[in-house]
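**Student:** Could you build all of it, start to finish, from the sequences and the hints given here?
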Amino acid sequence: MSIKPTLFLACFSLLMALPMAAQTISSRLVDAKTQKGIPYATIQYGEGKGVITNEEGRFSFVLDKGITLPDSIYVTSMGYEKKGFTLEQMQDSLVALNAKAIELSGVYVFNKELEVDDIIDKMIENIPQNVNKAPVKQRFFLRKSELANMHKVDFGFEKSSIKELNKELMDSIARSIPKNASHYTESFGDLYKNNTDYKLNIIKAADLYDKREVSSFEDLAEHMEEIFKQNVKPGSYLKIKSGIFSEKIQVDSILDTMDDERMEQMKKVKAQVKKDSVSGLTDSQRWQFKEMLSQLYYKEDTKLDIVDKTRRYEFKLAGYADIGDAGVYVIDFWPKRSSADFKGRLYINIEDFAVMRLDFSNTQRLRNFRLLGITYRETVYRGTMRFTKLPNGKYDLQFMELADGNFFGVDRPLKVVEKNKHVKGRRKQNELKLNIDFQMNITAKWELVVFNQDNLAENEFKSYKEDRTVRATYMQRYDPEFWKGFTIMEPNQAIRGFTAEEE
81 MSIKPTLFLA
91 CFSLLMALPM
101 AAQTISSRLV
111 DAKTQKGIPY
121 ATIQYGEGKG
131 VITNEEGRFS
141 FVLDKGITLP
151 DSIYVTSMGY
161 EKKGFTLEQM
171 QDSLVALNAK
181 AIELSGVYVF
191 NKELEVDDII
201 DKMIENIPQN
211 VNKAPVKQRF
221 FLRKSELANM
231 HKVDFGFEKS
241 SIKELNKELM
251 DSIARSIPKN
261 ASHYTESFGD
271 LYKNNTDYKL
281 NIIKAADLYD
291 KREVSSFEDL
301 AEHMEEIFKQ
311 NVKPGSYLKI
321 KSGIFSEKIQ
331 VDSILDTMDD
341 ERMEQMKKVK
351 AQVKKDSVSG
361 LTDSQRWQFK
371 EMLSQLYYKE
381 DTKLDIVDKT
391 RRYEFKLAGY
401 ADIGDAGVYV
411 IDFWPKRSSA
421 DFKGRLYINI
431 EDFAVMRLDF
441 SNTQRLRNFR
451 LLGITYRETV
461 YRGTMRFTKL
471 PNGKYDLQFM
481 ELADGNFFGV
491 DRPLKVVEKN
501 KHVKGRRKQN
511 ELKLNIDFQM
521 NITAKWELVV
531 FNQDNLAENE
541 FKSYKEDRTV
551 RATYMQRYDP
561 EFWKGFTIME
571 PNQAIRGFTA
581 EEE
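Under the numbering used here, the first residue of the sequence shown is numbered 81, with each subsequent residue one higher.
Hints were generated in silico from the structure; no laboratory data involved. No experiment lies behind these values; they were computed from the predicted model shown. Where is the CB? At the ideal position from N, CA and C, for every residue including glycine. Some clues are possibly wrong.
Unchecked claim - Derived CB-CB ranges, DEER-like: (1) GLU538 with THR166: 18 to 28 angstroms; (2) SER543 with VAL196: 45 to 55 angstroms; (3) GLU380 with LEU174: 42 to 52 angstroms.
Stated by the list, open to error - Okay, derived cross-link-like pairs now, DSS-like style, lysine-lysine, Cα gap no bigger than 27 angstroms in a straight line: (4) LYS319 with LYS309; (5) LYS284 with LYS525; (6) LYS279 with LYS224; (7) LYS116 with LYS474; (8) LYS217 with LYS474; (9) LYS239 with LYS319.
**Tutor:** See below:
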């Protein structure tokens, strides 16, 4: 039996097309001995093409159709042997690396041996010539995770002359406040950067949060306003006292402006809640980049003060290592006494003294404010920064992970008394007395991956116009298909499991 020519040609065309289709490679990088995930390792799958593993060691990347498939895909992570894998090996559920100790001596050749303090001085001295300030276009993926944990909400109800404003209502309000809330934003696009000026081309973005939390606070505001309007008299004023401070507020002015202001505000909230997307994305993301990049180790506003306050730190040369084709000094640092805030490790290029990697974490609270029952603490500030050399010989950011954690608490009395100047005799009309005890932690984490970087001319940067109408797609549960065909940093378990109940 012979195959019909048309059928043969169709089958042949299909077979020829298969290698040309885009291919997604997904796996998890683990320590060969412990089988634990290796976070923030580099997966290099082509010239200038790579991806970073997430905190669990997971990664995925897309091989575009028509490209020449790589013979080997190289995996590198500080403290592990660099290893090449075939495409077939990369498709296994686990990819393992063997641990490797940092070299202590004998591997690198120097014109002159330097003491560790000399290396740090040269690193600082060479910052102006090593840091890129020229225009550049960076293809990026940015994820921000915001987590709020409510430890305690107690209004400490003592007294109320308003029937509806009773202990049951105060307790129900406390119960309605979510004990744990999370908000994730993810965006993919191009960052046009010229020193500290930023422009964005956002190609795709996702926004994950629970809309019910917004709606519940809106309902609460309506209920509280109705109670307030029904129980206070025209011509009244409120005397609010908390601790030793008191303030007088005229009720008429509040009532006159409340409806207009509140209606306008509620219109905005409702409009946002009803949409399946979030507006103002470009402006919001640009602000995120400014906040993040202002924290690079060489910036004036950074909390990480190892450049500005070097003398407050001890430095020790731990050994030598390779990052790509470059040899680096591996230098540990920590506070001399309690005068500095951080400990960590620097990886400094042996040839040009550029910082190629920096890992750090705080050793103590950065701020610890407590006054009159109000407490604010900056409890966590840690991260990692990695830099790559551009064709112009300067270094720019390739990867950044930054976590910022804060504690906020209020433990103080609150007394609200309504008085009326038109009422004869005793002017006090209504009174509410509480002892508020409120405690919460808020943690924000940013993960930024730069996949490739292209130098720009000044006029290219100036002529680029942002699309400020782009929106993020709202998701009430994580959808892995949303990023299909895109190379991103894989989500962790918390994001993969995120879901908000049906409204």
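**Student:** Run every hint past the structure and note whether it holds.
**Tutor:** Now the hints, each set against the structure:
For GLU538 paired with THR166, a C-beta distance near 44 angstroms fails the hint of 18 to 28 angstroms. For SER543 and VAL196, the hinted distance range of 45 to 55 angstroms is satisfied, since their beta carbons lie about 46 angstroms from each other. Remark: the range hint 42 to 52 angstroms for GLU380 to LEU174 is upheld by a beta-carbon distance near 44 angstroms. Taking the CA atoms of LYS319 and LYS309, the gap is about 17 angstroms. The hint holds against a cut of 27 angstroms.
Simply put, LYS284 and LYS525 have alpha-carbon atoms about 20 angstroms apart, close enough for the 27 angstroms limit, and the pair holds. The hinted pair formed by LYS279 and LYS224 meets the criterion: a straight-line CA distance of about 19 angstroms does not exceed 27 angstroms. Pair hint LYS116 plus LYS474 does not hold up; C-alpha atoms about 35 angstroms apart against a cutoff of 27 angstroms. Under the criterion of a C-alpha separation no larger than 27 angstroms, the hint pairing LYS217 with LYS474 is consistent with the structure, at around 14 angstroms.
Pair hint LYS239 plus LYS319 holds up; C-alpha atoms about 16 angstroms apart against a cutoff of 27 angstroms.
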